[in-house]
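A.B. asks: Hints given; two lone chains; assemble the complex.
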Amino acid sequence: MPDSSQAEFPAAPQAPSSGRDLPPSLAELLQQGTLVVSHRPWAQAVVDPVLWQRAGEGLAGGSSSLLALWGEPGGVHLAFWEASEGRAGVMTLRCPNGSFPSLGQLHPPALRLERAIRDLFGLQPEGSTDPRPWLDHGVWELRFPLGKSAPAVGPSPYVFLPVEGEELHQVPVGPVHAGIIEPGHFRFTAAGETVVRLEERLGYVHRGVEGLLVGAELERATKLAARVSGDTTAAYSFAFARAVEAAIGMEAPRLADWLRALCVEIERVANHLGDVGAICNDAAFARMQAFCAILRERLLRTADTCFGHRLMMDQIVPGGMRAAPPLDALRRLRELTGEIARALPEIQEVYDSTPSLQDRVVGTGVLSRELVNQYGCGGVIGRASGRLFDARRDLPYSPYPGLRFSIPVREEGDVDARVSLRIREIEQSLGLIQQIIDGLPEGPSFAPLPRKNVSPGEGVALVEGFRGDIFAWVRIDERGRVERCHLRDPSWFQWPLLEAAIYGNIIADFPLCNKSFNCSYAGHDL
Amino acid sequence: MTSDSRPPAPRPRRPSLFGLLRSGLPEPPPPVDDTLVQEIARKVEDGAKRRLGRSLALRLVDAGSCNGCELELHALQNPFYDLERFGLRFVASPRHADVLLVTGPVTRNMREALERTYNAIPDPKWVVAVGDCAATGGLFLEGYACIGPAEAVVPVDLTIPGCPPSPQKLLAGLLALLESGKKLGGR
Chain F
508 MPDSSQAEFP
518 AAPQAPSSGR
528 DLPPSLAELL
538 QQGTLVVSHR
548 PWAQAVVDPV
558 LWQRAGEGLA
568 GGSSSLLALW
578 GEPGGVHLAF
588 WEASEGRAGV
598 MTLRCPNGSF
608 PSLGQLHPPA
618 LRLERAIRDL
628 FGLQPEGSTD
638 PRPWLDHGVW
648 ELRFPLGKSA
658 PAVGPSPYVF
668 LPVEGEELHQ
678 VPVGPVHAGI
688 IEPGHFRFTA
698 AGETVVRLEE
708 RLGYVHRGVE
718 GLLVGAELER
728 ATKLAARVSG
738 DTTAAYSFAF
748 ARAVEAAIGM
758 EAPRLADWLR
768 ALCVEIERVA
778 NHLGDVGAIC
788 NDAAFARMQA
798 FCAILRERLL
808 RTADTCFGHR
818 LMMDQIVPGG
828 MRAAPPLDAL
838 RRLRELTGEI
848 ARALPEIQEV
858 YDSTPSLQDR
868 VVGTGVLSRE
878 LVNQYGCGGV
888 IGRASGRLFD
898 ARRDLPYSPY
908 PGLRFSIPVR
918 EEGDVDARVS
928 LRIREIEQSL
938 GLIQQIIDGL
948 PEGPSFAPLP
958 RKNVSPGEGV
968 ALVEGFRGDI
978 FAWVRIDERG
988 RVERCHLRDP
998 SWFQWPLLEA
1008 AIYGNIIADF
1018 PLCNKSFNCS
1028 YAGHDL
Chain Y
42 MTSDSRPPAP
52 RPRRPSLFGL
62 LRSGLPEPPP
72 PVDDTLVQEI
82 ARKVEDGAKR
92 RLGRSLALRL
102 VDAGSCNGCE
112 LELHALQNPF
122 YDLERFGLRF
132 VASPRHADVL
142 LVTGPVTRNM
152 REALERTYNA
162 IPDPKWVVAV
172 GDCAATGGLF
182 LEGYACIGPA
192 EAVVPVDLTI
202 PGCPPSPQKL
212 LAGLLALLES
222 GKKLGGR
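Protein sequence lines, in the order shown, are assigned to chains F and Y. Note that the first sequence ends on residue 1033 in our numbering; no numbers are left out. Note that the second sequence ends on residue 228 in our numbering; no numbers are left out.
Chain Y extracted, bound-state conformation (with noise of 0.2 Å):
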């Protein structure tokens, strides 16, 4: 029994990945435009504060993007910007949002997938056209597949621009929603 005696030789260790990163992560959050904070403050109800705290649910519905919009996104989601500590987060249905993101030039052939997402989504909800297609067309206004704004399709309250836009810019305009109904609170 000479082998109880000795120490149980150490488990190889299963490297980490994580043993890898810098400190500071997340990073902290982006200011908050103030002409942001006001575009949503005039066009969200008083009562929204009070029935949804400080948390929105995201649905993203990309109705025409080229799919850089869905990348920055993503790109919300990683450690560096960690779009959950604030209260934010996508959800799978939109059964369970309180805000709908429109992506692209709305397509003719994703109008109507677009409109039902909308009408799934209980009230009261919002909706934020991402990016410069979403917010103007872009591009893609003129011929015979693309609609244009989402506006033309669903009231839009808060647009934020940019091709696509930056994760900070991403979350300084999801940051005012929130931000806006504070401020409606103390109204």
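Chain F on its own, in the form it takes in the complex (with noise of 0.2 Å):
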């Protein structure tokens, strides 16, 4: 760490300074940057070296959460939560010498977004603690794609962070895993059975979804937006049609929203009821999986059904929906949530009354409530650890202001909390689906957008996936293409918290961390 960071900041990141200083709060900083009129809904502000020092000192006191940074050829932005005063924004650092001053060395979590930044634009983070490339594995026919481009050098071992001790011995697990799941590598180094520290490797999947945005038509953009990660593509769809439609300052209809929450809360009930089953089967509970399996399936056939898609795919679009389901098809999904919600107690039953899945699950894989604070550590991993934060409540968009339903908070953090969460928010977003459909609004489903003579903007959205706050940005040029883009997944805060979540495990119950994890390979890799 350079001295004067020293100084300024002389407490550890872990442990927030209680003294006379306090955080400086990133609300009020941004005040005194200079404001841009262009940016949509929430303010931006461009700032200076100092003030940006005076973001990461602000974020590692705690003041404000994390929810993005990012770059682009000359500058980086991020995007903060302050959550005493319900407030987002974002903050500008023009980079005319190809560096910014390093959030990561006085707050972790932004480590790996700084070393994506260097890997993707050039620009170096001063002072990080960290300068080992993230997403650039050396295999790329050039260095820095994004910004200014440097023939490649080639690649070179990754270096893992050291670990000695007697008696300890690694294990690399990965790319490529043993059943059907995404890539990416996890080193662990164990005493025994016991893992005392798992390092991850990921990148695998970066298909460099960030350059193929710039300068796309909306239409591809949409397209590429909704594969960001499959698995949550309502939700992606979702948080780019609302970036962009905040960009060029219109709204979706009323009928859309609501069939956008529809579509995204039909998700969430699909992947909670994978994961539900596919952690009690790391757990050699079969059972489970094989009847949350067929649950499962029966909602994607209805989404089919209602959408033409089974994961709903390239159905929610800028300025709507690209159809709105038949009515009947929608009365059989309404069925089919009571047929859902009436299995949900014997599913708790059954999980909370086999010894062997509880034995399993209690008590393993815990993580902290002062780790996922510091990472604001989004969705069921941030909740099962006690951080109450959804952005259907905390940054709500329509159509949640008016729908009825509780967020499930649990102080354990540990697989037991996670899978609960799960079945518990199953339960309420089938309420949601319901709720949606008895209340659909008339009208149109789609607007179109303005095609000519559009006045270039910004926008940001934060949409809640399955997996938590799915953050997009995005500049919409004169002509109504995406300038630029970015989408920041809910994992970048929750991969590093697996590696803590992890430590004092055995390696055998790595499987049902990862799983009551789940967090996305693609979504990150991006």
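Keep in mind the hints are simulated off the structure, nothing from the lab. Cβ coordinates follow ideal geometry from the N, Cα and C atoms, glycine included. Honestly, I wouldn't trust all of these hints.
What the hints assert, rightly or not - Which bits of chain Y does chain F cover? Going by a derived footprint, with three or more residues having C-beta under 8 Å, they are: (1) 112-119; (2) 180-189.
As the list claims (entries may be wrong) - Derived list of chain Y stretches under chain F, where covered just means 3 residues or more per stretch with a C-beta under 8 Å from a C-beta of chain F: (3) 100-108; (4) 143-152; (5) 201-207.
C.D. replies: Take a look at the structure:
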């Protein structure tokens, strides 16, 4: 760490200072920058390096959570959420010299994001405590593909963090895993059976989505956004559409918002059902998986009859919905939600009353509240460790303010808490689906977007997918195309915590821990 | 000793889950597309059937998929489709596999892993490109990060298009692999 930061910020990031200097509020810092008017709906300001550094101290002090940190060729942006004021905002720092003060040196959750910014744009995070590449494995034909590109230097061995001690052994796993699962590398160091360190290496499914989005026609961009993470395609499409609509200053018809939420809640139920089954299966309790998979399959088939696609891919588009579902299909969906709701108590009872299962999940993979707060970790993972944040409640968007639902939260932070919360969230989402079907407003489900004379602008959106909050930022040019777009998966702030949750557990419990997190590889690697 | 004369109290029955299920699972298999069979029959060697019988071990490599294809491959194992009743099963190691399934627009970062997995599968072996990305590169052909269709890295015997292909389409495609062996046997 450089001296200046040591002097200004003596406390370690994990233990925020409790002394005389309160950490600066990012919302206050934002007012000191130059406000940008073409940015909607959150305030955006261009700041100088001093304010940027102060923002890092604010994040480290815990006054705000980091929502996103991303680059473009000439600068970097950060989005934050200030819980005490219920506000979000965006700070922008221009980087004429190709570098910016590292936030990661003060606030570790920013480290991997900064490594990704450097790999993609060539902007150097000054003072970063982790200079290793992240997404760039040395096999692209060029370096810094989205910035001032440079010739490739070829692959070099990835340096894992050193682990020292007697009788330690390493277990490398991946990128190709044993099951039907996305690729990533896990490097375990174990003392006997006990994991003393897990280090992840990701980036294997980096498809360059952000680069493909540069200058893309809206139709193509919409399809790309729907394929960032196929399991949460509806939520990504919702986030992207809302960001585009914010950027050009329009709103989708009311019916569209309701149908979008319907898709996202179906998606949440389907994924949670799959996860509850899969977690139990990883504890060798296959019966639960078979049962949950049947419910999931029936839900996907009903989604197919409603929206013409089992995963509801490409149904949510900027301007509204591609099509409105037929009424009899919606009726069938409503009936099915009743059946699933009636099955839930039995799922819960079997789960609670099976000792072989309980023995594996209770007290396994405990994640502390301090860490989920520090990382601004969203979704079930954050809420299972006591962090009550849900974009549907905290940065509410249509139609959720008009719907009744509760956000279950637990304190234990173990595998059991994450399973139980999923079951509770299924229940809540089924209630939402029923309310939406019963209360669908009249009117069109699509409003065409202006194709010419679009006033260029930037828009952001935060949508609660089944993994947590998905952040979307987009800049639209005067011809209505995407000039730049950044999509941040909730997994960015969850993957690092898996490394913490597995600490002190046995290797054999890793599949359970990993599945109870169910982070996205594709969404993270982008 | 009066308690002995009474019948023992019934033990509380634990819920079974499957009491909730309707019957009729698994569903009958989808009809096998004849053009798929012919496509495979052209490529499968005569000896394959004798050596493999009516059973194929599958190994999946996600080479850049969005995870959509994986979800539908998972669905093949649910009680509706029950893949294993056809002699098709997913195995953990490529050393145990006959068929390599590839999804995604092969990223440069996954190329080596895909090649090494392919090389680890013993002969005879087949490669199935699953989904539009593995079949054609999909939306990801341009750019610095993807190589393109699976064919660009490993020899592909069968493609199952779709974004993602439905479980029925996947099942029909994989059954075609088995059927082609049968037809070859009579040639």
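A.B. asks: Now tell me, hint by hint, if it's right for this structure.
C.D. replies: Quick rundown of the hints versus the structure:
1. 112-119: holds (count 7)
2. 180-189: holds (count 7)
3. 100-108: holds (count 8)
4. 143-152: With 7 residues in contact (Cβ-Cβ under 8 Å with chain F), the coverage given for the region 143-152 of chain Y holds.
5. 201-207: holds (count 3)
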